[in-house]
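Residue numbers (my numbering), protein chains in the order written: chain A, 1 to 77; chain B, 1 to 141; chain C, 1 to 141.
Keep in mind the hints are simulated off the structure, nothing from the lab.
Being a predicted model, the structure only gives us computed values, none of them experimental.
Using N, Cα and C, we set each Cβ at its ideal position, and we do this for glycine too.
Careful, some of the hints might be misleading.
[Stated by the list, open to error] Ranges of calculated distance between the beta carbons of each label pair, as one might list FRET restraints:
#: 1; chain 1: B; residue 1: 140; chain 2: C; residue 2: 71; range: 23 to 31 angstroms
#: 2; chain 1: C; residue 1: 137; chain 2: B; residue 2: 128; range: 37 to 45 angstroms
#: 3; chain 1: C; residue 1: 15; chain 2: A; residue 2: 21; range: 38 to 46 angstroms
#: 4; chain 1: B; residue 1: 9; chain 2: C; residue 2: 125; range: 23 to 31 angstroms
#: 5; chain 1: B; residue 1: 100; chain 2: A; residue 2: 54; range: 34 to 42 angstroms
#: 6; chain 1: B; residue 1: 59; chain 2: A; residue 2: 39; range: 42 to 50 angstroms
#: 7; chain 1: A; residue 1: 21; chain 2: B; residue 2: 93; range: 57 to 65 angstroms
#: 8; chain 1: C; residue 1: 97; chain 2: B; residue 2: 9; range: 48 to 56 angstroms
[Stated by the list, open to error] 30 angstroms max Cα-Cα, derived DSS-like pairs, lysine-lysine:
#: 9; chain 1: C; residue 1: 13; chain 2: C; residue 2: 42
#: 10; chain 1: B; residue 1: 93; chain 2: B; residue 2: 13
#: 11; chain 1: A; residue 1: 26; chain 2: C; residue 2: 42
#: 12; chain 1: B; residue 1: 69; chain 2: B; residue 2: 133
#: 13; chain 1: B; residue 1: 84; chain 2: C; residue 2: 13
#: 14; chain 1: B; residue 1: 136; chain 2: A; residue 2: 26
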Amino acid sequence: MGEIKRFIRDDGIIKVSRNVKETAKKVKHAKEKLSKQYGREVTVEEIANELCITSEDVVMSLDSLNAPEYLYETIHQ
Amino acid sequence: MFKNEMKIEFPSKSQNEAFARVVVAAFASQLDPTIEELSDVKTAVSEAVTNAIIHGYENSSGKIEIECKIEGRTLTVIVTDYGKGIEDVELAKQPLYTSRPELERSGMGFTVMETFMDSLEVESEPLKGTRVKMTKEFKSF
Amino acid sequence: MFKNEMKIEFPSKSQNEAFARVVVAAFASQLDPTIEELSDVKTAVSEAVTNAIIHGYENSSGKIEIECKIEGRTLTVIVTDYGKGIEDVELAKQPLYTSRPELERSGMGFTVMETFMDSLEVESEPLKGTRVKMTKEFKSF
Ligand SMILES: Nc1ncnc2c1ncn2[C@@H]1O[C@H](COP(=O)(O)OP(=O)(O)O)[C@@H](O)[C@H]1O
Ligand SMILES: Nc1ncnc2c1ncn2[C@@H]1O[C@H](COP(=O)(O)OP(=O)(O)O)[C@@H](O)[C@H]1O
Ligand SMILES: [Mg+2]
Ligand SMILES: [Mg+2]
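Chain A extracted, bound-state conformation (with noise of 0.2 angstroms):
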């Protein structure tokens, strides 16, 4: 079983929370770019197909930058 699992993923033990704040970070500077480079706003897939990321993972990453009590931030009960 374990053969399935290393076949079918190749990241490990990251944590979320870090590893969005970083996705949101390339998501800020592509959007930036892009949208210089079109001379108008950029689209959630525009941005993906530039980091070749999914569209989810632009969804998923896109407050976690700004907003305090964010879902991502470590929520402990």
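Please arrange chains B and C with the ligands on chain A, whose structure you already have, making use of the hints.
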């Protein structure tokens, strides 16, 4: 015409406000929105869900439902609670009106929803609950 | 103990598989998971929802429900469809078994769910539908 829909329910816990925002954003992303359009929708959903939690259920426990529909390039979002309801909806919608100034709320929730979305309808009955319906049309590029 | 829950329903359209994955991942992220844990859950949800779409409803239109619960550090995910159901659940769960080899499916969906989650229960009745219940405990670091 492109069509899709979904319905979600969750308890009125404060951490579910962020969750609701992501769910609606993920659903809306099928319309290939711009980041700005998506952020508008999230802000509006955030206000509606926060209202359900703090006013509708006054931080006690209750059920919140969100229905979303996509028809063509129009997104409809309906946020429903079965909480305390609103006596006077017209008054509640006035900019700066708040029934709980002690909470340091701004009284701008409904104004924000109206500004960030294309339409807003509020139906409410005291002790029955509140239903906030918003629509937004997404541009295409 | 930390508790939360949610329930979502959507039509069996193929684009909703990606949506379902994000919704469950967003909900599970309250448990402060690692990338690896989250990716396990997404993979399992993906298999269960794909099965509901292609086997349960055979690409016709029907309703898919996902219930999620968090209790302490355990996530429970239940994926339900009201489609065609499974005659022989034990056979269906065998690695490499598939009823539709023409689709180039691998027959490994249930095996993947079992591998990536801590438990898997499948209840099904022909012509009534299928209910797949999975749990996973998240480590804390
Ligand atoms: N879901 C709700 N249930 C009960 N009352 C509500 C609800 N939503 C809004 N209200 C009422 O409408 C008022 C105005 O709402 P809003 O514009 O969001 O301002 P604020 O939340 O800052 O008070 C609230 O103070 C409250 O009295
Ligand atoms: N939701 C469902 N409704 C009806 N049949 C199902 C469902 N899920 C699985 N099955 C049956 O179980 C078999 C094995 O499923 P799975 O392990 O995911 O392999 P695959 O999807 O590649 O066929 C399927 O081929 C199908 O016959
Ligand atoms: Mg408000
Ligand atoms: Mg399968």
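Go through the numbered hints given earlier and state which of them the structure violates, listing their numbers in rising order. The structure conflicts with hints 1, 3, 7, 8 and 13, although it agrees with all the remaining ones.
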